[in-house]
Amino acid sequence: MKNVIEVNNLTQVYGQKTNKPYKALKGIDLQVANGEFVAIMGPSGSGKSSLLNVLATLQAPTSGTVKVNNQDIWQLNDKNLAKFRGETLGFIFQEYNLIESLNVFDNIALPLSLQKIKKAQIKKAVHLVAKQLNLTEQLNKFPTELSGGQKQRVAAARALVHQPSLIFGDEPTGALDSNNAREMMNYLSAINMENNISILMVTHDAFSASFAQKIHFLSDGQIVQTLERHNASREDFYRDVLTTLGNFNE
Amino acid sequence: MLSKIALSTIKHRLKDFIVLFTGLTIAVAIFFMFTTIANNRAFLEANSIIQQITLIFVIGEFLLGFITLIYLTFANNFLLQLRQREYGLLMMYGATKSQVSQLLFRETLILGSLASVVGIFVGMALTAIAGNVLQKLLYLNLPHWQFFNGRGLIVTIVFFAVILTINGIWNVLHLKRTQLNDLLHANQVNEKLPTKMGRYFIFGILGIILMILSFIIMHKIAQMGLMGLILALILNVSGTFLIIRASLILILNVLQKLTGSYKGLRRFTIGQLTFRLSAFDKLLTIVTLMFALALGALSVGRGFQMTVPILASQNSAYTIAIKDPTKQETANIDKLTGVTFKTTYQYKMVNKAKLYLSKAEFSQVNLPVLATNGTMQTQESLKIPKTTYADAKELANKYPSALNQLLVNITANNVNVTANNMGAIDASFLNKTAFAVAKGQSGSITVIRVKDYNANETTLAALVKSQMANHSDFSTDTITGTYPIVQLLRSYMGGIEFMGFFLAIAFLTMLASTLMFKVLSNTAIDKKRYRILSMIGANTSLLKQTNAKEIGVIFGIPMIIGFLDVWFGLPMFKPIMGNVYLGFGFAAVVVVILYVLYYLLTVFLYQKILALKQKHN
Ligand SMILES: Nc1ncnc2c1ncn2[C@@H]1O[C@H](COP(=O)(O)OP(=O)(O)OP(=O)(O)O)[C@@H](O)[C@H]1O
Ligand SMILES: [Mg+2]
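Protein chains in written order, with UniProt numbering: chain V, 1 to 250; chain S, 1 to 617.
Careful: at least some of the hints might be erroneous.
[Said to hold, decoys possible] Label-pair restraints from in silico Cβ distances:
1) Lys11(S) x Gln59(V): 22 to 30 Å
2) Lys97(S) x Gln59(V): 35 to 43 Å
3) Lys11(S) x Ala232(V): 47 to 55 Å
4) Asn179(V) x Gly94(S): 31 to 39 Å
5) Gly264(S) x Gln59(V): 45 to 53 Å
6) Ser178(V) x Gly94(S): 27 to 35 Å
7) Lys263(S) x Ala232(V): 41 to 49 Å
[Claimed, not checked] Result set (SDA-like, lysine to any residue): computed pairs, CA atoms no more than 25 Å apart in a straight line:
8) Lys118(V) x Thr269(S)
9) Lys528(S) x Leu146(V)
10) Lys79(V) x Asp16(S)
11) Lys263(S) x Lys17(V)
12) Lys527(S) x Gln121(V)
13) Lys527(S) x Asp16(S)
14) Lys527(S) x Gln59(V)
15) Lys67(V) x Tyr14(V)
16) Lys116(V) x Gln545(S)
17) Lys257(S) x Gln545(S)
18) Lys116(V) x Ser541(S)
19) Lys257(S) x Gln115(V)
20) Lys123(V) x Thr476(S)
21) Lys119(V) x Gln256(S)
22) Lys119(V) x Thr546(S)
23) Lys141(V) x Lys527(S)
24) Lys608(S) x Asp78(V)
25) Lys79(V) x Ala548(S)
26) Lys141(V) x Lys608(S)
27) Lys83(V) x Ser541(S)
28) Lys119(V) x Leu255(S)
29) Lys79(V) x Ile202(S)
30) Lys257(S) x Lys67(V)
31) Lys141(V) x Thr540(S)
32) Lys141(V) x Ile202(S)
33) Lys141(V) x Leu255(S)
34) Lys11(S) x Val172(S)
35) Lys528(S) x Glu87(V)
36) Lys116(V) x Thr540(S)
[Claimed, not checked] Some residues of chain V that are not near chain S, with every Cβ distance over 12 Å (derived):
37) Glu100
38) Leu102
39) Ser147
40) Leu227
Source of the hints: derived by calculation from the structure; they are not laboratory data. Even for Gly, the Cβ is constructed at its ideal location relative to N, Cα and C.
Could you build the full structure based on these sequences and the hints that come with them?
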């Protein structure tokens with residue numbers, strides 16, 4: 001199987017110029033296969049967000065390579081990097097990251113408008129994804145008029161509207177209650193399976209992680225264990241995750 | 001303990017507090033600057049040809065008070081926004097509401113009084129510097145000028161004490177009414193959702209009507225007097241407010257519907273502007289006002305400044321005439337630079353009753369004259385004629401004022417050649433021999449023309465001074481030539497000229513601090529938005545462009561409305577100015593250049609704070 005993401009010996013050092021540099025990532029190797037749903041777990045401060053930010057091109061690494069679809073992303077110039085982000089990636093973060101000065105429709109349409117897509121096509125795509133995420137009623141509202149779960153769904157809609165091949169999530173259920181969280185995870189695993197979109201998600205929540213096919217455990221800037229679901233049911237996998245986390249805490 | 005925590009959080013957000021403090025200080029300083037002049041009645045009355053000048057300054061004081069009041073409300077909201085989350089946290093840890101309220105009240109007052117004290121000193125310095133430098137630049141020496149007066153100080157202190165106290169009380173009430181939860185999430189309260197389009201339509205049209213009405217009244221101000229001025233002001237301010245609040249949002253929406261474009265970040269820009277315009281309605285109104293006041297004041301000031309040399313050059317063909325130059329005066333004359341004409345005529349005077357001039361001297365060397373165009377002397381036709389005159393009579397007939405001025409100078413205002421010896425002194429031209437034998441006190445007058453009298457300012461001033469000292473019968477209008485006329489005009493128009501420039505400086509400074517302060521207070525919200533856009537695939541140059549465009553529109557609106565205001569408002573000065581638009585071109589160029597520089601600085605700072613740069617290793 002082809003890999004969407006290939007990470008080699010990635011390190012991230014913060015405060016390099018100060019007298020107290022801090023190694024947040026200490027040589028990470030990681031692959032995500034095409035169409036795979038991968039979660040990353042680990043205690044607070046273990047480097048999860050740092051890893052995701054580098055993969056998502058939001059922050060340059062100190063050393064190591066990141067290849068997405070065989071392209072070394074940190075060799076791209078700013079313009080191409082932005083284009084790559086716009087066309088290939090989708091982001092769902094813990095804070096909903098919506099733009100308050102745009103209504104829901106315009107928020108969802110943003111990635112498409114940046115790609116110079118025709119108006120009619122934009123409308124079609126937005127309505128389609130809004131329908132899938134049960135947002136049709138909310139399209140004319142502004143973000144401040146929405147509930148937390150609705151906002152997160154809008155964020156998801158915006159991440160999906162341009163049909164990216166890869167979605168990044170940093171605690172995408174972090175601000176949701178358990179019902180909303182379950183709904184969001186169901187939706188993510190559905191688009192993962194139906195549309196063959198790869199997902200890489202950081203979470204501290206075992207329940208959310210159990211929707212993935214593979215979980216990497218990060219500790220002190222290194223991957224210390226990997227758990228694979230294989231053909232187990234989600235419930236069984238959830239139990240495995242909890243056991244593994246329990247072992248960590250001992 | 002609580003104060004200690006409060007103090008430590010101030011340290012934490014030092015940058016924001018510095019912005020706030022600077023803004024407050026400038027507001028106080030400008031208020032002081034204006035108030036000092038407005039309360040210097042002797043200065044106003046001695047230096048203005050506008051009769052109701054004191055009253056106009058009182059209206060101006062109210063206007064500035066209004067602007068400052070709105071400005072202080074922004075500053076106060078900014079402070080509240082800065083602090084309420086922290087106060088919410090303090091309350092979560094067990095501080096009572098009244099403890100926190102007291103803290104906030106104290107904080108408002110301390111910050112306000114510190115800014116007031118510093119502001120008054122800055123204001124004094126600004127007034128002194130602006131005042132002295134301007135008078136130097138404009139070659140003025142205005143009577144009763146002071147950079148400080150007690151009344152101005154008291155008015156400033158009372159004004160700010162009252163408003164700060166009201167602000168403090170308002171903050172406390174606000175805190176009392178607000179739920180703890182809202183305090184904790186109080187980061188983005190300053191943006192309002194746009195309301196229904198129907199309302200924008202009604203208010204939008206109304207705004208435009210009010211604005212047009214105010215222009216009509218300004219045009220007819222001569223008939224309406226002071227009440228008209230106040231009415232025009234009220235209509236204009238409310239019209240501006242409604243136009244910003246409604247008409248522009250309406251236009252944006254129509255624009256959006258018409259193009260229906262989703263290309264790039266156009267919708268983002270329109271969305272941002274729709275939000276910003278409703279959040280900035282009051283701000284942009286007062287910025288428009290300040291822009292118009294600055295541009296208008298500078299236009300009038302410059303207009304008067306330009307009138308002086310034009311009037312002077314229409315009144316005399318030479319720069320100065322020196323009667324009976326002393327040794328020291330001769331030395332001074334030699335010091336003059338750019339001399340294009342210099343000649344000396346002899347005269348003889350008998351008992352201050354009879355004056356003899358040598359005909360030959362006038363036919364050998366030409367007196368520079370103003371060529372006449374009909375009866376009007378025009379600046380353009382100014383020349384030193386090439387042909388010589390058969391005798392002085394011809395000169396007197398052809399260019400009566402040229403000779404007249406010279407005779408006035410010689411006889412200390414006692415002769416009028418056109419009236420043909422109707423004056424106290426009888427003047428006549430003798431031929432060479434007759435002049436040589438004529439009895440009487442002999443003397444000479446030296447007529448000088450220089451290219452640029454400003455370049456010779458000190459020497460010319462010294463000459464005027466020594467002429468006045470040497471000739472007890474001279475009065476201010478006895479010494480003839482453009483330079484003495486310039487001096488005369490300066491004493492007559494210099495006051496208005498000075499006030500125009502001075503007020504322009506004050507309003508531009510205040511405008512700068514207001515606009516930058518408010519625009520920059522949005523960076524926290526926008527930082528997040530631009531980060532999202534960059535995640536979605538907007539590249540850095542597109543983001544920078546989008547940001548510059550948005551700020552550009554925010555800056556552009558006050559400029560456009562301000563220009564309209566001034567264009568339609570300047571005719572109000574018709575009674576005291578020949579051509580009301582004379583100084584407009586200069587003022588427009590200066591104000592626009594400063595404004596654009598100021599825009600570029602704001603964009604630069606904004607983008608620096610937003611950190612619109614890809615971190616690439
Ligand atoms: N910009 C930064 N500058 C300096 N140190 C940083 C920076 N960002 C993160 N760190 C440090 O790097 C380490 C890893 O941070 P990171 O945000 O990746 O952790 P995380 O696993 O996402 O934690 P959490 O679950 O709490 O979100 C932490 O010790 C953090 O203090
Ligand atoms: Mg994190």
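Do the hints match the structure? See the list:
The hint said 22 to 30 Å for the Cβ distance between Lys11(S) and Gln59(V), and at roughly 28 Å that hint holds. Evaluation of the 35 to 43 Å hint for Lys97(S) and Gln59(V) yields a pass: the beta carbon distance comes to about 42 Å. The hint said 47 to 55 Å for the Cβ distance between Lys11(S) and Ala232(V), and at roughly 54 Å that hint holds. The hinted range of 31 to 39 Å is satisfied by Asn179(V) and Gly94(S), whose Cβ atoms lie roughly 34 Å apart.
Remark: the range hint 45 to 53 Å for Gly264(S) to Gln59(V) is contradicted by a beta-carbon distance near 25 Å. Distance hint for Ser178(V) and Gly94(S): a CB-CB separation of about 31 Å, consistent with the stated range 27 to 35 Å. Taken as a hint, the range 41 to 49 Å holds for the pair Lys263(S) and Ala232(V), whose Cβ atoms sit roughly 48 Å apart. At roughly 19 Å between alpha-carbon atoms, Lys118(V) and Thr269(S) fall within 25 Å of each other, so this suggested pair holds.
In summary, the hint linking Lys528(S) to Leu146(V) is supported, as the alpha carbons are separated by about 19 Å, within the 25 Å threshold. Taking the CA atoms of Lys79(V) and Asp16(S), the gap is about 33 Å. The hint is violated against a cut of 25 Å. A threshold of 25 Å between alpha carbons decides the hint, and for Lys263(S) with Lys17(V) the separation of about 41 Å lies outside it, so the pair is violated. With a C-alpha separation of about 30 Å, the suggested pairing of Lys527(S) with Gln121(V) is violated against the 25 Å cut-off.
Restraint check for Lys527(S) and Asp16(S): the C-alpha separation of about 15 Å stays at or below 25 Å, so the hint holds. Restraint check for Lys527(S) and Gln59(V): the C-alpha separation of about 16 Å stays at or below 25 Å, so the hint holds. Between Lys67(V) and Tyr14(V) the CA atoms are separated by roughly 22 Å; this keeps the pair inside 25 Å, and the hint holds. A hinted pair counts as satisfied when its Cα atoms are at most 25 Å apart, and Lys116(V) with Gln545(S) qualifies at roughly 17 Å.
About 23 Å separates the Cα atoms of Lys257(S) and Gln545(S), which keeps this hinted pair within 25 Å; it holds. Between the alpha carbons of Lys116(V) and Ser541(S) the distance comes to roughly 16 Å, so the proposed pair stays at or under 25 Å and holds. For the given pair, Lys257(S) sits about 20 Å from Gln115(V) by alpha-carbon distance, which is consistent with the 25 Å threshold. Restraint check: the Cα-Cα separation between Lys123(V) and Thr476(S) comes to about 81 Å, which exceeds 25 Å; the hinted pair is violated.
Taking the CA atoms of Lys119(V) and Gln256(S), the gap is near 13 Å; set against the 25 Å cutoff, the hint holds. Simply put, Lys119(V) and Thr546(S) have alpha-carbon atoms about 20 Å apart, close enough for the 25 Å limit, and the pair holds. Between Lys141(V) and Lys527(S) the alpha-carbon distance is near 23 Å, which keeps this suggested pair within the 25 Å criterion. Under the criterion of a C-alpha separation no larger than 25 Å, the hint pairing Lys608(S) with Asp78(V) is consistent with the structure, at around 18 Å.
Of the pairs offered as hints, the one joining Lys79(V) and Ala548(S) holds, with about 19 Å between alpha carbons and a cut-off of 25 Å not exceeded. Restraint check for Lys141(V) and Lys608(S): not satisfied, since their Cα atoms lie roughly 32 Å apart, outside the 25 Å limit. The hinted pair formed by Lys83(V) and Ser541(S) meets the criterion: a straight-line CA distance of about 12 Å does not exceed 25 Å. A distance of roughly 16 Å separates the Cα atoms of Lys119(V) and Leu255(S); the hinted pair therefore holds under the 25 Å criterion.
Distance check on the hinted pair: Lys79(V) and Ile202(S) sit about 45 Å apart at the alpha-carbon level, beyond 25 Å; violated. For the proposed pair Lys257(S) and Lys67(V), the alpha carbon gap of about 42 Å is over 25 Å, so the pair is violated. Taking the CA atoms of Lys141(V) and Thr540(S), the gap is about 29 Å. The hint is violated against a cut of 25 Å. Using a Cα cut-off of 25 Å, the hinted pair Lys141(V) and Ile202(S) holds, with the two alpha carbons roughly 23 Å apart.
For a cut-off of 25 Å, the pair hint linking Lys141(V) to Leu255(S) stands: about 20 Å separates their Cα positions. A C-alpha spacing of about 22 Å is found between Lys11(S) and Val172(S), which places the hinted pair at or below 25 Å, so the restraint holds. This hinted pair checks out: Lys528(S) and Glu87(V) have alpha carbons roughly 21 Å apart, not beyond 25 Å. Note on Lys116(V) and Thr540(S): the hinted pairing holds, with a Cα-Cα distance of about 17 Å set against a maximum of 25 Å.
With a cut of 12 Å on Cβ distances, Glu100(V) falls inside the contact zone with chain S, its closest approach being about 6 Å. Under the 12 Å C-beta cut-off, the non-interface status given to Leu102(V) relative to chain S is violated; the minimum distance is some 4 Å. For Ser147(V), the shortest C-beta to C-beta distance to chain S comes to about 14 Å, beyond the 12 Å cut-off, and the non-interface label holds. Remark: the non-interface label on Leu227(V) is consistent with the geometry, its nearest Cβ contact in chain S lying 29 Å away (cut-off 12 Å).
Hints 5, 10, 11, 12, 20, 26, 29, 30, 31, 37 and 38, counting from the list given before, are not met by this structure.
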